[in-house]
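Chemist: Please model the entire structure based on the sequences and the hints provided.
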Amino acid sequence: MGFDELLSAANLLPPLDRLRLSDLLRDTVPLEEWPPLSEDWVREIKRRSDEYDAGRMTAASWAEVRLRTRREAGLDG
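Residues in the sequence shown are numbered consecutively from 89, following the working numbering.
Hints were generated in silico from the structure; no laboratory data involved. Warning: the hint list may mix true and false statements.
Derived DEER-like restraints, expressed as beta-carbon distance ranges [stated by the list, open to error]: (1) Leu100 <-> Arg136: 30 to 40 Å; (2) Glu93 <-> Ala151: 27 to 37 Å; (3) Leu100 <-> Glu139: 22 to 32 Å; (4) Ile133 <-> Leu155: 20 to 30 Å; (5) Ser110 <-> Ala148: 17 to 27 Å.
Ideal Cβ positions, reconstructed from N, Cα and C, are used throughout, including at glycine.
Modeler: Listed below in structure tokens is the structure:
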């Protein structure tokens, strides 16, 4: 099965299953194969890091952030 056929089949899945599939697929790509970050993202990361180091920002785990955003989007109970 080629990419286009796979994409067409995936698009037939319910929205939550498509999101689950995208999460699982993303997790299969090794970090060294991800494209490099843009300069804008690098600047934003540095800004946030500086804010955190100065005590003006707190951090949350990826699991907490993901759960909160999925709830806010109405994707989880």
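Chemist: Identify every previously stated hint that the structure contradicts and give their numbers, smallest first.
Modeler: Violated hint: only 3; rest satisfied.
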